[in-house]
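*Asks:* Once you know that position 26 of the sequence shown is 12 in the working numbering, the rest is easy, because the numbers rise by one and skip nothing.
Hints were generated in silico from the structure; no laboratory data involved.
Among these hints, one or two may not hold up.
Label pairs and their computed distance ranges (CB to CB) [unchecked claim]:
1) R(-10) x R48: 47 to 57 Å
2) G11 x A57: 54 to 64 Å
3) D1 x M49: 28 to 38 Å
4) E(-5) x R46: 36 to 46 Å
5) R42 x A22: 41 to 51 Å
6) S5 x A57: 24 to 34 Å
7) E43 x E(-5): 15 to 25 Å
8) E41 x S(-2): 16 to 26 Å
9) R51 x L12: 40 to 50 Å
10) R51 x Q20: 51 to 61 Å
Here the structure is a predicted model, which means the values were calculated and not measured.
Glycine is no exception: its CB is placed at the ideal position from the N, C-alpha and C atoms.
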Amino acid sequence: EAVRLVLEEGRSVRDVERSLGITIGLLKDWVKAQRASNGASAPAGTEAQLVKELERELVRVRMERDILKKAMAVFSTDLN
């Protein structure tokens, strides 16, 4: 479960060790062993970081879209 928190949820090794009361350094060895057995070479948190980055970009793009919609409404109204 501790390894899953690091690999799948992107939590830091140190944070999980503290919250579960695991000896410092032990979880790092477990994560390393799990990665070796899975052949995973990506560092912990990579997927979580990517998701956060994509969420930020999505917010920005939605905001730009909304601004463009409002601009179109303003410029497409008849000035009569």
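*Asks:* Please check whether R42 and A22 have a Cβ separation lying inside 41 to 51 Å.
*Replies:* Since R42 and A22 have Cβ atoms about 32 Å apart, the given range 41 to 51 Å is violated.
*Asks:* Between the beta carbons of R51 and L12, is the distance compatible with 40 to 50 Å?
*Replies:* holds, 48 Å
*Asks:* I want to verify a distance hint. Is the separation of the beta carbons of R51 and Q20 within 51 to 61 Å?
*Replies:* violated, 41 Å
*Asks:* Hint says 54 to 64 Å; check whether the CB-CB distance for G11 and A57 agrees.
*Replies:* At 56 Å between Cβs, range holds.
*Asks:* Could you tell me whether the CB distance from S5 to A57 stays inside 24 to 34 Å?
*Replies:* The hint (24 to 34 Å, Cβ to Cβ) is violated, given that S5 and A57 are roughly 48 Å apart.
*Asks:* That 15 to 25 Å hint for E43 and E(-5) (C-beta), does it hold up?
*Replies:* With a Cβ separation near 21 Å, E43 and E(-5) satisfy 15 to 25 Å, so the hint holds.
*Asks:* Falls inside 36 to 46 Å, the C-beta gap from E(-5) to R46?
*Replies:* Violated, since E(-5) and R46 (Cβ atoms, about 25 Å apart) do not stay within the stated range.
*Asks:* Does the beta carbon distance between D1 and M49 stay inside 28 to 38 Å, or does it fall outside?
*Replies:* Given about 32 Å between the Cβ atoms, the range holds.
*Asks:* Check the following: the C-beta atoms of E41 and S(-2) are separated by a distance inside 16 to 26 Å.
*Replies:* holds, 19 Å
*Asks:* Holds or violated: the 47 to 57 Å window for the beta-carbon distance between R(-10) and R48?
*Replies:* Given a distance of about 32 Å, which is not inside 47 to 57 Å, the answer is violated.
Of the numbered hints listed earlier, those contradicted by the structure are 1, 4, 5, 6, 10.
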